[in-house]
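Chemist: Put together the whole structure using the sequences plus the hints.
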Amino acid sequence: MTPAFQLDDAHAEDILLMGRVAARDQQAFARLFDRHSPIVLGVLTRMLSDRALAEEILQEAFLQAWQQAERYQPALATPRGWLLMMARSRALDRMRSTAARMRREDDLMREAPQTAEGIATSGLEADERRRHVIAAMGSLPAEQRECIELAFFGGLTHTQIADKLQAPLGTVKSRILLGMNKLRQSLASYSS
Amino acid sequence: MMKDTAALADLLPAHALGALDGEDLTVVDAALRVDRELQSAAAAWQREVEQLALAAEPLQVSETTRARVLQRIAQDSAVRTKAVSVVAPARPVAPDPGNRWLLRAVAAVLAVAVAWGLSDRSNMRGEVNRLQDNLAQVSAQLAKASNEIVTLKAQSHIVASPDMHPVVLAGLEAAPASVARTFISPHDGKALFYAYSLPAPPTGKQYQLWFIADGKPVSAGVFDVDREGNGSLLVDHVAPLASIQAWAVTIEPMGGLAAPSGAMVLKG
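So the sequences go chain by chain: A and B. Following my numbering, the numbering of the first sequence begins with 1 at its first residue and continues without gaps. Following my numbering, the numbering of the second sequence begins with 1 at its first residue and continues without gaps.
Hints were generated in silico from the structure; no laboratory data involved. Because the structure is a prediction, the values reported are computed rather than measured. Mixed in with the good hints, there may be bad ones.
Below are the EDC-like pairs computed for lysine to aspartate or glutamate, each with C-alpha atoms no more than 20 Å apart in a straight line [claimed, not checked]:
id	chain 1	residue 1	chain 2	residue 2
1	B	LYS153	A	GLU13
2	A	LYS182	B	GLU48
3	A	LYS182	B	ASP10
Derived CB-CB ranges, DEER-like [to be verified]:
id	chain 1	residue 1	chain 2	residue 2	range
4	B	ALA7	A	SER189	25 to 31 Å
5	A	SER97	B	ILE149	45 to 51 Å
6	B	LYS267	A	THR159	44 to 50 Å
7	B	VAL150	A	ALA75	22 to 28 Å
8	A	GLN64	B	ARG33	20 to 26 Å
9	B	ALA78	A	ARG96	32 to 38 Å
10	A	ARG31	B	ARG36	30 to 36 Å
11	A	SER97	B	SER261	52 to 58 Å
12	A	THR159	B	ARG33	19 to 25 Å
13	A	GLN64	B	ASP29	19 to 25 Å
14	B	LYS205	A	ASP50	57 to 63 Å
Yeah, the Cβ is synthetic: ideal placement off N, Cα and C, and Gly gets one too.
Modeler: Right, here's the structure in full:
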């Protein structure tokens, strides 16, 4: 079942900010940047294993958001989700255009255990929510978590994950489906 | 190869993660173009996937990057301003605490002046008049701010609508540098319209917004523009989205007409 769409205060403020950004309000853009750039940079740095490159991609993604703000559709994604989608897409393009993928994947796998054990919070995101997401990820069977992280942070497809893990394609698909369904349940219990 | 709905739904988590490839990706993308229920489910999975971002440690962006981004958008705005004078959008207006304080202070001074009997009436009368003027001014400001809050609440309701649909209106020959945006909330049949850089209408004329529904123009209201040619309008009754073919702005006699008669300046 599809979970109900929830509009909490932070999300509502984000949507209002997006409306103002679409109307070319630079202050609203600055506010949106300050609210979400830490999370976006965190994801990009995890994906690229290169802080400088991550900041460069972040800059491109936020400029794209400024230029395309009127195309944003609240029904399809939250403003943060929309920003992350653009940032991840740009990061994946960059990753695919370089020959350093193997090194990054190795770095990613070295970082992966952090997710299960929890990472120090920075106070920039609601700590409780973050702890819950980390705990939910940590509660997944290792092979499911590994596949999800390789897809989300590593930018790998089903086929590429199967190649990397030397696992049957069907097994990888099942691990992702099962893992995501478990995550949804865990996150829904937090929301409720 | 065709897949049934359940099989497609099972692919949505991987689609949201960006993990689909090959035939799976082709089939899901094709289904998403036509299946609204699947679109809704895909959007829900996107929101789940978004939360995975919280598993990465948030990092503070360097001041250099922040300054560079804000500088780039300022430059972008400046470039646009040359062609299209972009109006500062409506901002949430909170009741000004300063105004409230002033209102109370003025009222208190008046009360004290009256209580003391105004021994030197000739000197005090002028001061009382001045304070009363201030009080009237501040009251008017508060009333204006209250109205703005009501309007902004209505506007924010439209913009925050989960099914909000934006439409861009481009300037036509009569106003090539103008542009407008309509934000429609199909859910409650309301819309928010902003126009930028319209030329001042001829004397006795006003701009009128229309939507073309089922081939017929329907008036959405008239609006004025400021010195920079910017104007806005809150539309209370909008036809169902599927029946609207276009939005347009024409120049009409003051107060507007039931059917368009003047030059069309914007269309989208």
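Chemist: If a hint holds in the structure, say so; if it doesn't, say that too.
Modeler: To see whether the hints hold, each was checked on the structure:
no. : hint                                : in the structure
1   : LYS153(B) <-> GLU13(A)              : 12 Å, holds
2   : LYS182(A) <-> GLU48(B)              : 11 Å, holds
3   : LYS182(A) <-> ASP10(B)              : 13 Å, holds
4   : ALA7(B) <-> SER189(A): 25 to 31 Å   : 27 Å, holds
5   : SER97(A) <-> ILE149(B): 45 to 51 Å  : 50 Å, holds
6   : LYS267(B) <-> THR159(A): 44 to 50 Å : 47 Å, holds
7   : VAL150(B) <-> ALA75(A): 22 to 28 Å  : 26 Å, holds
8   : GLN64(A) <-> ARG33(B): 20 to 26 Å   : 23 Å, holds
9   : ALA78(B) <-> ARG96(A): 32 to 38 Å   : 35 Å, holds
10  : ARG31(A) <-> ARG36(B): 30 to 36 Å   : 33 Å, holds
11  : SER97(A) <-> SER261(B): 52 to 58 Å  : 56 Å, holds
12  : THR159(A) <-> ARG33(B): 19 to 25 Å  : 23 Å, holds
13  : GLN64(A) <-> ASP29(B): 19 to 25 Å   : 21 Å, holds
14  : LYS205(B) <-> ASP50(A): 57 to 63 Å  : 59 Å, holds
Violated hints: none; the structure is consistent with every hint.
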